[in-house]
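Visitor: Single-letter residue listing:
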Amino acid sequence: MDLKLDHHNEDRLTIVEVEGEIDVYTAPRLRELLIDLVNKGNFHLLVNMEKVDFLDSTGLGVLVGGLKRVRAHDGSLELVCTQERILKIFRITGLTKVFGIYASVDEAKEAHGRDK
Amino acid sequence: MDLKLDHHNEDRLTIVEVEGEIDVYTAPRLRELLIDLVNKGNFHLLVNMEKVDFLDSTGLGVLVGGLKRVRAHDGSLELVCTQERILKIFRITGLTKVFGIYASVDEAKEAHGRDK
Amino acid sequence: MATVELTFSALPAHVRTARLVATAIARRTGVEESLLDEVRLAVGEACSRAVEAHRAHCPGEPIRIELRDDSGRFEVTVSDLAPSDEHEQERPLDLSMLSDSYTSGFGIAVIAGLADDVEVFPSPKGMRIRMSWPAGLNGHAAG
Amino acid sequence: MATVELTFSALPAHVRTARLVATAIARRTGVEESLLDEVRLAVGEACSRAVEAHRAHCPGEPIRIELRDDSGRFEVTVSDLAPSDEHEQERPLDLSMLSDSYTSGFGIAVIAGLADDVEVFPSPKGMRIRMSWPAGLNGHAAG
Ligand SMILES: Nc1ncnc2c1ncn2[C@@H]1O[C@H](COP(=O)(O)OP(=O)(O)O)[C@@H](O)[C@H]1O
Ligand SMILES: Nc1ncnc2c1ncn2[C@@H]1O[C@H](COP(=O)(O)OP(=O)(O)O)[C@@H](O)[C@H]1O
Numbered sequence: 001m002d003l004k005l006d007h008h009n010e011d012r013l014t015i016v017e018v019e020g021e022i023d024v025y026t027a028p029r030l031r032e033l034l035i036d037l038v039n040k041g042n043f044h045l046l047v048n049m050e051k052v053d054f055l056d057s058t059g060l061g062v063l064v065g066g067l068k069r070v071r072a073h074d075g076s077l078e079l080v081c082t083q084e085r086i087l088k089i090f091r092i093t094g095l096t097k098v099f100g101i102y103a104s105v106d107e108a109k110e111a112h113g114r115d116k
Numbered sequence: 001m002d003l004k005l006d007h008h009n010e011d012r013l014t015i016v017e018v019e020g021e022i023d024v025y026t027a028p029r030l031r032e033l034l035i036d037l038v039n040k041g042n043f044h045l046l047v048n049m050e051k052v053d054f055l056d057s058t059g060l061g062v063l064v065g066g067l068k069r070v071r072a073h074d075g076s077l078e079l080v081c082t083q084e085r086i087l088k089i090f091r092i093t094g095l096t097k098v099f100g101i102y103a104s105v106d107e108a109k110e111a112h113g114r115d116k
Numbered sequence: 001m002a003t004v005e006l007t008f009s010a011l012p013a014h015v016r017t018a019r020l021v022a023t024a025i026a027r028r029t030g031v032e033e034s035l036l037d038e039v040r041l042a043v044g045e046a047c048s049r050a051v052e053a054h055r056a057h058c059p060g061e062p063i064r065i066e067l068r069d070d071s072g073r074f075e076v077t078v079s080d081l082a083p084s085d086e087h088e089q090e091r092p093l094d095l096s097m098l099s100d101s102y103t104s105g106f107g108i109a110v111i112a113g114l115a116d117d118v119e120v121f122p123s124p125k126g127m128r129i130r131m132s133w134p135a136g137l138n139g140h141a142a143g
Numbered sequence: 001m002a003t004v005e006l007t008f009s010a011l012p013a014h015v016r017t018a019r020l021v022a023t024a025i026a027r028r029t030g031v032e033e034s035l036l037d038e039v040r041l042a043v044g045e046a047c048s049r050a051v052e053a054h055r056a057h058c059p060g061e062p063i064r065i066e067l068r069d070d071s072g073r074f075e076v077t078v079s080d081l082a083p084s085d086e087h088e089q090e091r092p093l094d095l096s097m098l099s100d101s102y103t104s105g106f107g108i109a110v111i112a113g114l115a116d117d118v119e120v121f122p123s124p125k126g127m128r129i130r131m132s133w134p135a136g137l138n139g140h141a142a143g
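Chains as they are written, first to last, in the numbering used here: chain X, 1 to 116; chain F, 1 to 116; chain G, 1 to 143; chain Z, 1 to 143.
Hints may be right or wrong, so weigh each one.
Over 12 Å on every C-beta distance to chain G, these chain Z residues come out as not near it, computed from the model [claimed, not checked]:
id : residue
1  : 9
2  : 21
3  : 66
4  : 69
5  : 109
6  : 112
7  : 113
8  : 124
Pairwise CB distance ranges, derived in the manner of DEER restraints [unchecked claim]:
id : chain 1 : residue 1 : chain 2 : residue 2 : range
9  : G       : 55        : F       : 4         : 20 to 30 Å
10 : X       : 53        : F       : 2         : 18 to 28 Å
11 : G       : 71        : X       : 29        : 52 to 62 Å
12 : Z       : 36        : X       : 29        : 21 to 31 Å
13 : Z       : 57        : G       : 72        : 27 to 37 Å
With the Cβ distance kept under 7 Å, some of the chain Z side facing chain G (calculated, not the full set) [to be verified]:
id : residue
14 : 3
15 : 6
16 : 7
17 : 17
18 : 20
19 : 24
20 : 28
21 : 30
22 : 35
23 : 121
Simulated from the structure, these hints should not be mistaken for laboratory data.
Don't be surprised by glycine CBs; every beta carbon is placed ideally from N, CA and C.
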């Protein structure tokens, strides 16, 4: 399974839809997309991981890299994820404390509405 | 996919239903079944290959071995097969000339009815 | 250097691993979907043959399969260490000569019928079978 | 002798081949279905780490993965040839220290969190990571 990427804006959020495997082989494409979005002035990213089958530490590295980039612009990078197998990887690496993780896009949007 | 084997008698024919992969790993089980059937006096075998996903030359060897055994008792070993990928292997090895190959169990039964 | 090399002990189960690897790499290399069946079968045959030969002659020795995707083709080489004195040449079909063991030479016949290009190198130190198929331009990995 | 040994050049695509092989053999060896995900991920991590290390230090050298199923456990050893001077030890999480490259040590953290048993042997000549999982009694192939 390869990686499919898509994105669109909703309110102030840029929603990045990720489908497939984020691994050492495909992660560079996600990295490029995140860098590109930030360069174009999108600083509030919400990455939807619900259709991700496989995530390895290269993928984690790319997400962390994205987070650092948006933070440099006072932005945010948050995740939508309910899959236990994927959540486990964030937990093992302690990254649940670093990323906001929501159960749905709507829940994330709501939280954002409150913040701002 | 592993190998599933089943058999039952219809008229004078013993129909052997084979499902899955006949390869170097599973062929010994098919060989045992054929030997067992012959030892118990079943000399007219019809092997239904319609649910076979994979056949390699070990599988061919087992079928040829079965044919030799039934011939020693004036019997027959015939096949039901319409799958092109499987037929191809019989063709490549010249075995289409050695085995009777039918398009269905009924067709094989009819041909047998005429013979006898 | 071969792109990927797999070494395995002479057990039938490992033939499945070899088939799996060959099919996955062929797909990635851009071999056409319609040819993947042939790759799987031909590589399986070559490995089965090697496993049988090792079990007869040198069960403790490993079998090697190399998979390359340089050169615009997908190339697979299976090498065994069993003395190949069996003269598995083509013979006219004669049922009384056919046995249900490997010496019947079906394996080589199947490989020859399926691979786009085959070379067989028998030697007293073992047999090497090299097969190849055209690889698409949209294969991803070189090296 | 390792039951199966896979050698591959330092390319990300081959990490997928390694994952595929490890998962297939783990399944056959009788590792529980619920653990196969962990096998796939941990083996992938170890191989990704090795690929990154080779690309930085010795892109022409091959990486080796050995898979054994003797001893009642499914054991995987990934060996690279890159000098491991990076001291990938555990550190408290500090975002400013995290980079999006491998030195962040997530890989080792993931492996440690997933494998039933892990040993890491760093050395100036390369790193070796050995992981293992319990294998069921209904595994088919030994040797
Ligand atoms: N060493 C192995 N032992 C048991 N099963 C295996 C092994 N290697 C692969 N498999 C499984 O067997 C299945 C079939 O593999 P294979 O025969 O190569 O292809 P196919 O079934 O598509 O013809 C694969 O889906 C894989 O999960
Ligand atoms: N080297 C490879 N390149 C591309 N695809 C591969 C490669 N090896 C395996 N695949 C394919 O990728 C799919 C996914 O493999 P993998 O990531 O190991 O498991 P999964 O998708 O089940 O997590 C497999 O079904 C296989 O056909």
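Visitor: Taking the hints in turn, state whether each one holds.
Guide: Status of each hint after checking the structure:
1. The Cβ of residue 9 (chain Z) sits about 5 Å from the closest Cβ of chain G, inside the 12 Å cut-off, so the non-interface label is violated.
2. A cut-off of 12 Å between C-beta atoms contradicts the statement that residue 21 (chain Z) is not in contact with chain G; the least separation is 6 Å.
3. A cut-off of 12 Å between C-beta atoms contradicts the statement that residue 66 (chain Z) is not in contact with chain G; the least separation is 9 Å.
4. Consistency note on residue 69 (chain Z): stated as away from chain G, yet its beta-carbon is not over 12 Å from all of that chain's, at 10 Å minimum.
5. The beta carbon of residue 109 (chain Z) is kept farther than 12 Å from every beta carbon of chain G, the shortest such distance being approximately 27 Å.
6. The claim that residue 112 (chain Z) is not at the interface with chain G holds, since no C-beta of that chain comes within 12 Å of its own (minimum 27 Å).
7. With a cut of 12 Å on Cβ distances, residue 113 (chain Z) stays outside the contact zone with chain G, its closest approach being about 27 Å.
8. No beta-carbon of chain G comes within 12 Å of the beta-carbon of residue 124 (chain Z); the shortest separation is about 23 Å.
9. At about 26 Å, the CB distance of residue 55 (chain G) to residue 4 (chain F) agrees with the hint of 20 to 30 Å.
10. Look at residue 53 (chain X) against residue 2 (chain F): about 25 Å separates their beta carbons, and that is inside 18 to 28 Å.
11. Distance hint for residue 71 (chain G) and residue 29 (chain X): a CB-CB separation of about 27 Å, inconsistent with the stated range 52 to 62 Å.
12. Between residue 36 (chain Z) and residue 29 (chain X), the C-beta spacing of about 26 Å keeps the proposed range 21 to 31 Å intact.
13. One distance hint, 27 to 37 Å for the beta-carbon pair residue 57 (chain Z) and residue 72 (chain G), holds here, with the actual separation near 30 Å.
14. Residue-level restraint check for residue 3 (chain Z) holds (minimum Cβ-Cβ distance to chain G is 6 Å; threshold 7 Å).
15. With 7 Å as the threshold, the beta carbon of residue 6 (chain Z) comes within range of chain G, its nearest partner Cβ sitting at about 5 Å, so the hint holds.
16. Checking residue 7 (chain Z) against chain G by beta carbon gives a least distance of about 4 Å; that is within 7 Å, so the hint holds.
17. Because the smallest distance between the Cβ of residue 17 (chain Z) and any Cβ of chain G comes to about 6 Å, under 7 Å, the interface hint for this residue holds.
18. At a threshold of 7 Å, the smallest CB-CB gap from residue 20 (chain Z) to chain G is about 5 Å, leaving the interface hint in force.
19. Contact between residue 24 (chain Z) and chain G, as hinted, is supported at the beta carbon level, the nearest pair being about 5 Å apart and thus within 7 Å.
20. Of the supplied interface hints, the one on residue 28 (chain Z) holds, with its beta-carbon coming within about 6 Å of a beta-carbon of chain G, less than 7 Å.
21. The beta carbon of residue 30 (chain Z) is not positioned within 7 Å of any beta carbon in chain G (closest approach about 12 Å), and the interface hint is therefore violated.
22. Using the Cβ-Cβ criterion of 7 Å, the hint placing residue 35 (chain Z) at the interface with chain G is not satisfied: the shortest such distance is roughly 19 Å.
23. The interface hint given for residue 121 (chain Z) is broken, as the beta carbon of that residue sits about 21 Å from the closest beta carbon of chain G, more than 7 Å.
When the structure is compared with the earlier hints, violations turn up for hints 1, 2, 3, 4, 11, 21, 22 and 23 and for no others.
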